[in-house]
Amino acid sequence: MPGSLYDLPKPRYNRAVGKPRLLLHICCAPDAAYVIGLLKDSYDVTAYFYNPNIHPSEEYARRLADARRVSLELDAPLLEGPYDDERWLALTRKLKNEPEKGRRCDICYALRLERTAVSAAARAFDAFTTVMSLSPWKKAPALNRIGRMFGRRHAVAFVEADFKKKDGFRKSVALSRGMDLYRQNYCGCVYSLEAARSRSRGPKET
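Read in order, the letters of the sequence shown correspond to residues 213 to 418 in my numbering.
Calculated directly from the structure, the hints in this document are not laboratory data.
Among the hints, erroneous ones may be present.
For lysine-lysine, the following BS3-like pairs were computed, each having C-alpha atoms within a straight-line distance of at most 25 Å [what the hints assert, rightly or not]:
1. 306 <-> 383
2. 376 <-> 351
3. 252 <-> 313
4. 313 <-> 376
5. 351 <-> 383
6. 308 <-> 231
7. 252 <-> 308
8. 351 <-> 378
9. 231 <-> 313
10. 313 <-> 378
11. 351 <-> 231
12. 351 <-> 377
13. 378 <-> 306
14. 308 <-> 378
15. 252 <-> 231
16. 306 <-> 351
17. 378 <-> 252
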């Protein structure tokens, strides 16, 4: 059934039973809106917001508020995980100097994907996946590898994807503008926020 979204036909299902139930990890409203729309024809999608990486707490609240709005507008139920930012910081602090797409990001992917897999298994979902591969800053091969690992560990199928393919990122930007969604200018964590601020200041004068 679930496999690579772009290489396999849509999953078959018994219409009397309904579509396969998919738990979709979401990190922000713009990505969620695009991917939910992409998946709804094939899956019964429930969104799952679990992002302890997001900093500061005001940013977390802003992203969650728009995620709730997308959930209502697209008629996709939303589950909300805990905001355990202290755990995220403890796991990543030693890698604070890693660049974007480095080892710190792999730990962040793993924390969020395992929590999604555990939640999917506990609620008897048929499969789970994440919107994160839509971002140009996220490594689809790493996300898929980690997702497969936790899918096997928790006995729930992982749907592999690279949602930025087929011009997905550009389409998501256009969609979010049409829906008047908040679109952040950094990944979410304190380290990516510092990097974004550094880029906006430009190079130091010598």
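Hint check:
Only pairs whose Cα atoms come within 25 Å are accepted, and residue 306 paired with residue 383 is rejected, the gap being roughly 36 Å. The suggested pairing of residue 376 with residue 351 holds, with an alpha-carbon distance near 10 Å, which does not exceed 25 Å. Annotation: proposed proximity of residue 252 to residue 313 is violated, straight-line Cα distance about 29 Å (limit 25 Å). Taking the CA atoms of residue 313 and residue 376, the gap is about 16 Å. The hint holds against a cut of 25 Å.
A threshold of 25 Å between alpha carbons decides the hint, and for residue 351 with residue 383 the separation of about 19 Å falls inside it, so the pair holds. Proximity of residue 308 to residue 231 is assessed by CA-CA distance (about 42 Å); at most 25 Å being required, the pair is judged violated. Restraint check: the Cα-Cα separation between residue 252 and residue 308 comes to about 37 Å, which exceeds 25 Å; the hinted pair is violated. Between residue 351 and residue 378 the alpha-carbon distance is near 16 Å, which keeps this suggested pair within the 25 Å criterion.
Between residue 231 and residue 313, the direct Cα distance comes to roughly 34 Å. Violation of the 25 Å bound is thereby established for this hinted pair. Of the supplied pair hints, the one linking residue 313 and residue 378 holds, its CA atoms being roughly 21 Å apart against a limit of 25 Å. About 29 Å separates the Cα atoms of residue 351 and residue 231, which puts this hinted pair outside 25 Å; it is violated. For the given pair, residue 351 sits about 12 Å from residue 377 by alpha-carbon distance, which is consistent with the 25 Å threshold.
A C-alpha spacing of about 36 Å is found between residue 378 and residue 306, which places the hinted pair above 25 Å, so the restraint is violated. Restraint check for residue 308 and residue 378: the C-alpha separation of about 33 Å exceeds 25 Å, so the hint is violated. Using a Cα cut-off of 25 Å, the hinted pair residue 252 and residue 231 holds, with the two alpha carbons roughly 9 Å apart. This hinted pair checks out: residue 306 and residue 351 have alpha carbons roughly 21 Å apart, not beyond 25 Å.
Our distance criterion of 25 Å between C-alpha atoms is met by residue 378 and residue 252, whose separation comes to about 18 Å.
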